[in-house]
Amino acid sequence: MIEQLGNGLLLGVIIALGSVALSLLYGVTRIVNFAHGEIIAFGAIMALFFSSSPESSLLYFDRFNPLGINFLTSIILSTILCGIFGGLLELVLFRPLRKNNFGNIAVLVVTIGLSIFLRHVYLLFASAKPSSFPLELQRRVDYYGVQLTPRNLQVLIVGFVVMVLVGLFLSYTKTGKAMRAVRDSTELANVSGINSDFIILVTWIFSSMLAGFTGVIQGVINNVRWNMGFLILLLIFAGTVLGGIGTSFGAMFGGFVIGILVQLSVGLEFMDGHTEAKNAIALALMIIILLVRPQGIFGKKERVS
Amino acid sequence: MKKLTNILFFIILIISFIFLFNNSGGPRIFINLMTFAGIYGLAAIGINVHFGWTGLLNFGHAAFMGIGAYTTVLLIPHTLGREGDVITTGLPLSLAIICGLLASALLGLLLGLPTLRLRGDYLAIVTIAAAEIFRLLVRDFEDLTGGVYGIILFSDALQDHRPEIITEFSRTNGIPAAQVWVGMLTLLSILIVLTILSRLKRSPWGRALRAVREDEDAVRALGKNAVWLKLQSFMLGAAIGGLSGIFLVFNYGTVQASTFVPVLTFYVWAALILGGVGSLSGPVLGAVIFWVIIAGTDSITRIIFESPDGQQLAGVRFVIVGLLIMLFMIFRPSGILGKKEELLLDVK
Amino acid sequence: MSNKLLSVKSLKKSFGGLDAVNVKKFELFENEITSLIGPNGAGKTTFFDLITRFQNSDEGSIFFNSIDVSKVSTYKLARLGMVRTFQLTRVFDRMSVFENMQFAGSSTKNEGLINSLIQKKSLKDDEKKLSEKIDNILEMVNLIEMKNAYARELSGGQKKLLELGRSLMKDPKLLLLDEPLAGVNPKLADQILEIILDLNNKDVNILMVEHNIDAVMKISERVVVMAEGKIISDGKPDYVRTDKKVIEAYLGISDE
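Line order of the protein sequences matches chains A, B and C. 240 is the number that my numbering gives to position 240 of the first sequence; each next residue is one higher, with no gaps. Converting from the second sequence to my numbering requires adding 305 to each position, the first position being numbered 1. Converting from the third sequence to my numbering requires adding 653 to each position, the first position being numbered 1.
Take these hints with a grain of salt, some might be off.
With a Cα cut of at most 25 Å, we get these calculated PhoX-like pairs of lysine-lysine [unchecked claim]:
#, chain 1, residue 1, chain 2, residue 2
1, B, Lys-506, C, Lys-665
2, B, Lys-506, C, Lys-724
3, C, Lys-774, C, Lys-762
4, C, Lys-897, B, Lys-506
5, C, Lys-657, C, Lys-883
6, B, Lys-506, C, Lys-662
7, C, Lys-777, B, Lys-506
8, C, Lys-855, C, Lys-883
9, C, Lys-665, C, Lys-762
10, C, Lys-786, C, Lys-823
11, C, Lys-782, C, Lys-800
12, C, Lys-677, B, Lys-506
13, C, Lys-871, C, Lys-840
14, C, Lys-724, C, Lys-826
15, C, Lys-871, B, Lys-506
16, B, Lys-506, C, Lys-826
17, C, Lys-897, C, Lys-677
18, B, Lys-506, C, Lys-762
If you anchor each label on the Cβ, the simulated ranges turn out as follows [to be verified]:
#, chain 1, residue 1, chain 2, residue 2, range
19, C, Ser-667, A, Thr-173, 46 to 54 Å
20, C, Thr-761, B, Met-489, 35 to 43 Å
21, B, Leu-496, C, Lys-729, 34 to 42 Å
22, C, Ser-667, A, Gly-103, 47 to 55 Å
23, B, Ile-605, C, Glu-806, 53 to 61 Å
24, B, Phe-446, C, Ser-726, 46 to 54 Å
25, B, Leu-458, A, Ile-297, 30 to 38 Å
26, A, Thr-173, C, Asp-746, 48 to 56 Å
27, B, Ser-399, C, Thr-761, 54 to 62 Å
Simulated from the structure, these hints should not be mistaken for laboratory data. Heads up, the beta-carbon is just placed ideally off N, CA and C, and yes, glycines get one too.
Kindly produce the complete structure, drawing on both the sequences and the hints.
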């Protein structure tokens, strides 16, 4: 089972990052964004586009060759692009809905439609087959019993650092504190002079950037596919629910637990030959949490029924 | 309003009739379309009870459809899995169908009992997760369900009951008799279900559901058990879904792990939203419109992509489906012909 | 010697270390219009929520008509005869006034799926009787003309009347009104007060939370004052009005 720990950590860092992003967005806007996976995918797909070699067989919109930019720069570019994407979504779609008093449920259905739409736009116009970033293949190295490629170890560390930075940002910067204020109580925040519209926009941009980065990470660890967001979305929900919706630290924790759980379950005996069902265990856990302790491990008690 | 609905319905039917007859094999395509529309319409009626009547967000309908189908098929003679294990014994078809419906209702009870006290958005997540668990279990437990190889050769149980008239009519018109039979039974089921629902809608039960949809707390303050009411609605919608799932697999002639997937749920939702949430016949109309659109987009795809592969066809379809769900939910949640009063914009 | 309707002991509810409600003893007797007042944040609505079981208390006991209802579900309590209204009116917007009332008055038995499907003669008879009762109550709350209007078309004040009417369909033994006069114009407020007095004469017991001190003093036979989660004064209006503790609690808010 220990062999799976490495995989578990890798899956965990993806889910954790994704959960922090989702939890942040939900905390401030109260929207369960089913298109979250597609923002994640967007990050990876754009990074792929920026960094792949122009000579590769990759072709977007049937005519655009990739740009062959340095990978690190590609990550930065794609993250920024995701932020813009998220900001546009808020300005063009979600803000008007909010201003027109659309209930949470209606918005949720809209995000489902959006996710279906985006995912298949990617399918049609980006790449249909799974692709990898132009990085050299590496072999696994043994780190105290945990098997990882050096790059994946770097990814793990970077992911961790990013999450810590996000946590610091939320706790200590003016904007971060404002976001937490809006999350805890929109009315109170408004009364204290915080422009909640602006904060919501910032949250969308921030969460989308984080989501895009998650996509890049997922692309490095696994590969880039049109439906990569959809595949990971449910696990991200599980991580967010487990850790506590609306808490960043909780989401982080929940994400790692789910990731490790999923991979460790592969090693369990009754799972022999049923490896696809490993996700099912995480999902079942999520359902149980929602029933027994809906605020998650670290969340505050809020109305869930 | 009802008359207008019906007139428009027939106009669309006739238009699609003519449109499709222009292609070769027109009648066959038409029957195929209508049968699918009927099946999806029936499924959409199920989630209409959930969402339109009670305000419950069920995004795992495929699981209810699936469990009804699998239960029924496994209880009648069939051939299963990679090795093609043949099982020749089984229950009479009608009994198997009843068991299938009960299984769906039971799954609804099992799923609903702990979760229906959860808020709307949480219920959505739970139902999606549950459907995903169902899909994964079905795929993995090959011994029971045939896994990816599925179950085949069970249709005879239904087709043996097919009246001679239909067989002859189909033969003379160049349409597959098996499908016509399934289509007719689906239509009959829709009529029966709608009659039952119509009665329920105007009854104290229907009224209570609407109150639950409006404000659960007020319902409780007035001494009614909101959770039990939701549970009943959930089970009813699930059973209807189960029935549609049964017709779906009899239409295909096979059951596979890839049949009851999220795609199916999203299609059914699109049909519901197009036709108008809350109205009785809306889901059926929505399903017809949906399938006409799908057929239309397939033609458009062929124009855009010049001999598109399966993936591109699916891609365009879904781009349209996603767009439709979004646009209708935003601008016309009451569907193409819904009443403005039933607009769900303020549902929390 | 009036009957003891409601008995609350050691009721506590805290949020994050702060006591929202901490009531050692509270008893309600029949035939006493009782008002619950106190400055904002005193815990009145939370107290309401606790005794109607809309929120779980951390500790304490609640007895209604000598029945222990401390752990009972909200809807069961309503069936026992304790019915409440809400601060922010909760009418069923997309149903008509008549349907709102129908729902309130129809029996759980008739609302069962099977019974609603079969619709025996008894169900139809019940519905007819319901109709008459609805007309009577709608007359009483002056909403009879709006009978077929959608609830969301009603004005704020009319919605309050509807909520009141709905509660009355349940033939409540104890009616808990959460700020029945909030945001209501003076004329309508007088109407509502008259209805409350009328109800009291008809043996409906009333406990209400209110901010409108004039109204409270005018019709209450007993006033209970809460501050910071505790009951600080309890007695006849004249007594409470001059109680030093009460004046302190309101800190400068004069009711003269």
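Here is what the structure says about each hint:
Only pairs whose Cα atoms come within 25 Å are accepted, and Lys-506/B paired with Lys-665/C is rejected, the gap being roughly 43 Å. Under the criterion of a C-alpha separation no larger than 25 Å, the hint pairing Lys-506/B with Lys-724/C is inconsistent with the structure, at around 34 Å. Taking the CA atoms of Lys-774/C and Lys-762/C, the gap is about 14 Å. The hint holds against a cut of 25 Å. Restraint check: the Cα-Cα separation between Lys-897/C and Lys-506/B comes to about 58 Å, which exceeds 25 Å; the hinted pair is violated.
In summary, the hint linking Lys-657/C to Lys-883/C is supported, as the alpha carbons are separated by about 21 Å, within the 25 Å threshold. At most 25 Å may separate the alpha-carbon atoms for a hinted pair to count; Lys-506/B and Lys-662/C exceed this at roughly 45 Å. Simply put, Lys-777/C and Lys-506/B have alpha-carbon atoms about 15 Å apart, close enough for the 25 Å limit, and the pair holds. Distance restraint check for Lys-855/C and Lys-883/C: the Cα-Cα separation of roughly 31 Å exceeds the 25 Å cut-off, and the hinted pair is therefore not satisfied.
Taking the CA atoms of Lys-665/C and Lys-762/C, the gap is near 36 Å; set against the 25 Å cutoff, the hint is violated. For a cut-off of 25 Å, the pair hint linking Lys-786/C to Lys-823/C stands: about 11 Å separates their Cα positions. Note on Lys-782/C and Lys-800/C: the hinted pairing holds, with a Cα-Cα distance of about 16 Å set against a maximum of 25 Å. Between Lys-677/C and Lys-506/B the CA atoms are separated by roughly 48 Å; this puts the pair beyond 25 Å, and the hint is violated.
Taking the CA atoms of Lys-871/C and Lys-840/C, the gap is about 15 Å. The hint holds against a cut of 25 Å. A C-alpha spacing of about 20 Å is found between Lys-724/C and Lys-826/C, which places the hinted pair at or below 25 Å, so the restraint holds. Restraint check for Lys-871/C and Lys-506/B: not satisfied, since their Cα atoms lie roughly 46 Å apart, outside the 25 Å limit. Of the supplied pair hints, the one linking Lys-506/B and Lys-826/C is violated, its CA atoms being roughly 32 Å apart against a limit of 25 Å.
Straight-line distance between C-alpha atoms of Lys-897/C and Lys-677/C comes to about 21 Å, which keeps the hinted pair within the 25 Å bound. Restraint check for Lys-506/B and Lys-762/C: the C-alpha separation of about 16 Å stays at or below 25 Å, so the hint holds. Checked against the hint of 46 to 54 Å, the C-beta distance between Ser-667/C and Thr-173/A comes to roughly 32 Å, which is inconsistent with it. The given range of 35 to 43 Å is respected by Thr-761/C and Met-489/B, whose C-beta atoms sit roughly 40 Å from each other.
The hinted range of 34 to 42 Å is satisfied by Leu-496/B and Lys-729/C, whose Cβ atoms lie roughly 40 Å apart. One distance hint, 47 to 55 Å for the beta-carbon pair Ser-667/C and Gly-103/A, is violated here, with the actual separation near 31 Å. Checked against the given bound of 53 to 61 Å, the beta carbons of Ile-605/B and Glu-806/C, roughly 44 Å apart, lie outside it. For Phe-446/B paired with Ser-726/C, a C-beta distance near 38 Å fails the hint of 46 to 54 Å.
One distance hint, 30 to 38 Å for the beta-carbon pair Leu-458/B and Ile-297/A, is violated here, with the actual separation near 50 Å. Between Thr-173/A and Asp-746/C, the C-beta spacing of about 42 Å breaks the proposed range 48 to 56 Å. Roughly 33 Å separates the CB atoms of Ser-399/B and Thr-761/C, a value that falls outside the hinted 54 to 62 Å.
Hint violations for this structure: numbers 1, 2, 4, 6, 8, 9, 12, 15, 16, 19, 22, 23, 24, 25, 26, 27, all remaining hints satisfied.
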